[in-house]
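K.L.:
As a plain string of letters, each chain reads:
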Amino acid sequence: MVRFIGRRVIYSLVVLLTTSFIVFGLSRAAGDPRNLFLTEYTTKETWDAWGREYNLDKPLVIQYVVWLGKALRGDFGHSLRDHINALDVIMQRVPATLQLAGASFIAAIFIGVPLGVMSAVKRGTFWDYVGRTLALFGQALPPYWLGVMLILLFAVSLDVLPSGRKGGIDHYILPALTLGWGAASGLLRLTRSAMLEVLDSEYIKFARSKGVTASLVVWKHAFRNALIAPLTYSTLLLAGYLTGTVVTETVFSWPGVGRLAVTAVFNNDFPVLTGVVLIGTAVYLAVNLLTDVIYALMDPRIRFG
Amino acid sequence: MAVHAPTATVGVLGSQSSLARAWSSIRRYPVVPIVIITTLAVFAIFAPLIAPHDPEQARSLDDRTLPPSWMDDESIFFLGTDHLGRDVFSRIVYGARISLLVSSTVLAAGLVIGTTVGLISGYFGGNTDELLMRLVDIKLSLPFILVALVVAIVFKPSLLLVVILLALFFWSSFARQVRAETLHLKTLDYVMAARVAGASNLRIMIKHILPGVFSTIIVIATLTIGTVILVESVLSYLGVGVPAPTPAWGAMVADGSQYLQSAWWIALFSGAAIFFTVLGFNFLGDWLRDNLDPRLRQLV
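As they're listed, the protein sequences go chains D and C.
The opening position of the first sequence corresponds to residue 1 in this note's numbering, with each subsequent residue numbered one higher.
The opening position of the second sequence corresponds to residue 1 in this note's numbering, with each subsequent residue numbered one higher.
Mixed in with the good hints there might be a few duds.
Computed footprint of chain C on chain D, listed as stretches where at least three residues anywhere in the stretch have a Cβ under 8 Å from a Cβ of chain C [said to hold, decoys possible]: (1) 10–17; (2) 51–60; (3) 120–130; (4) 246–259; (5) 279–290.
The list that follows gives simulated cross-link-like pairs (lysine to aspartate or glutamate, EDC-like), each with its CA atoms no further than 20 Å apart [what the hints assert, rightly or not]: (6) C/K139 x D/E53; (7) D/K70 x D/E40; (8) C/K156 x D/D32; (9) D/K70 x D/D48; (10) C/K156 x D/E53; (11) C/K186 x C/D137.
No wet-lab data here; the hints were simulated from the structure.
Backbone N, C-alpha and C fix where the C-beta goes; we use that ideal spot for every residue, glycine too.
Work the whole structure out from these sequences, hints included.
P.N.:
Listed below in structure tokens is the structure:
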């Protein structure tokens with residue numbers, strides 16, 4: 001187990017390093033990086049000082065090490081727009097993103113898992129087709145369009161829910177649905193196929209013939225064992241979240257990190273974007289790692305395979 | 001997902017409702033995807049003949065946000081006009097062109113890169129294999145959208161940039177699958193025979209192994225194309241895709257979302273175009289997988 005975790009940690013660090021290579025490489029690919037990190041209003045002194053601080057006269061390898069060293073200590077430079085440390089700008093936005101992610105995670109689980117169980121238990125009936133159609137739609141619906149259509153229906157036409165920005169609990173409903181939808185449909189498919197497999201096994205037939213009530217068979221005997229596959233899927237689910245938060249926060253003008261990344265592109269705020277990308281990747285890798293570890297703890301075949 | 005197999009459903013469906021029968025025939029014959037994809041292809045190829053108006057230039061600014069013609073007698077625009085007075089229908093028709101152009105180019109590039117990597121990795125094995133597969137792992141762990149944003153801030157977004165970016169992200173599924181198939185194929189007798197007969201490595205890979213992985217490649221390509229279209233539309237929605245005024249569906253939804261109160265038709269119809277296109281390709285991919293290569297079911 002220790003070897004397994006060790007291998008995964010090293011691997012995650014390699015990926016993080018690769019991301020930093022890409023970001024660094026791109027910042028140098030466009031010529032003098034000061035064009036990206038400083039605005040056109042910078043004085044000559046600042047310009048030269050920046051060059052010295054980041055060793056621009058030295059070889060690229062040294063420049064990279066200096067840049068990475070600063071980044072590791074949380075110094076991504078100053079935001080070109082807000083003129084404060086980029087890290088502070090990002091940290092201000094983190095709570096909003098976490099709240100949205102939490103809300104949509106709950107939405108995804110409470111929509112996806114019960115519908116998946118229903119679809120499997122009522123296999124071949126009307127309810128199964130409802131579930132399967134929803135799953136198909138989930139894969140093909142552009143997430144941002146879903147958000148826009150939800151706004152059109154609930155905020156513009158019916159005028160029952162707010163269309164964006166952070167506020168009371170009702171402000172969470174539409175963004176959480178938008179962000180959770182893709183994940184919900186994925187969970188639905190996986191829960192359904194896992195449940196079908198388990199429901200077909202001998203011990204379920206035994207429990208049934210023993211006279212265990214239907215709901216007890218479904219929830220206690222089958223559901224518990226069917227849960228492993230959907231759990232693995234949460235890795236992919238989180239991958240979707242990263243794209244999802246960027247898109248969803250843009251649709252609902254949600255003051256989170258995803259929207260910050262998109263506005264940074266339009267403000268040419270490279271330091272802030274660098275920070276979001278590196279921190280985002282680190283969080284993403286950490287969660288992936290955690291999922292792998294939990295999964296390995298639950299399923300020995302992976303640990304020793 | 002095993003229930004999707006045609007053979008399994010036929011027995012079950014004998015006594016089933018008409019709904020179930022409709023579902024199974026949709027599953028068994030790709031009617032829906034063929035209709036959707038044919039329409040799309042016709043739109044893309046004959047765009048100048050089909051589109052009634054100029055997609056990039058409005059006739060006059062007085063035409064701004066006119067409703068669809070079937071809602072308002074004043075309007076001559078089938079699906080209404082956008083905030084700049086451009087015909088939404090014409091933009092959707094031309095948008096099909098951009099969408100198919102991008103996705104087919106990306107897929108062709110990803111397919112070539114992925115298949116080459118997969119063949120080399122599977123055929124030679126050892127350190128080459130280890131290195132290439134770690135590369136695939138790293139690629140799969142990179143958060144695409146964030147990298148795309150960094151690229152967009154450094155370089156000016158263009159059609160070529162979007163294609164390169166997407167191609168760099170859609171080769172790994174080909175690589176993994178082709179590698180797995182190659183590992184199996186290279187142990188077969190006919191490959192051994194070719195080698196005994198003195199065929200070079202390159203010849204064996206191209207003449208003897210590549211044809212064996214064709215069906216896999218086709219299935220993965222079809223299953224991937226929907227995702228490529230979707231991701232391309234996300235990029236253009238965020239404003240880092242194909243630049244304006246070129247009609248891209250994602251950008252049209254972004255434009256339309258600013259005018260939901262007065263002109264809902266902009267966002268509704270352009271988004272629906274993406275939805276049905278992706279749905280069509282996903283359906284076709286599922287169907288091809290079930291019929292060409294059922295083993296892939298657990299993998300994709």
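K.L.:
Decide, hint by hint, whether the structure agrees.
P.N.:
Okay, the hints, checked on the actual structure:
1. 10–17: holds (count 4)
2. 51–60: violated (count 0)
3. 120–130: With 4 residues close enough to chain C, the hint holds.
4. 246–259: holds (count 4)
5. 279–290: With 5 residues close enough to chain C, the hint holds.
6. C/K139 x D/E53: violated, 32 Å
7. D/K70 x D/E40: Outside the cut-off at roughly 23 Å; violated.
8. C/K156 x D/D32: Answer holds: C/K156 to D/D32 is near 16 Å, not above 20 Å.
9. D/K70 x D/D48: holds, 18 Å
10. C/K156 x D/E53: Given pair C/K156, D/E53 is violated - Cα atoms ~28 Å apart, limit 20 Å.
11. C/K186 x C/D137: violated, 23 Å
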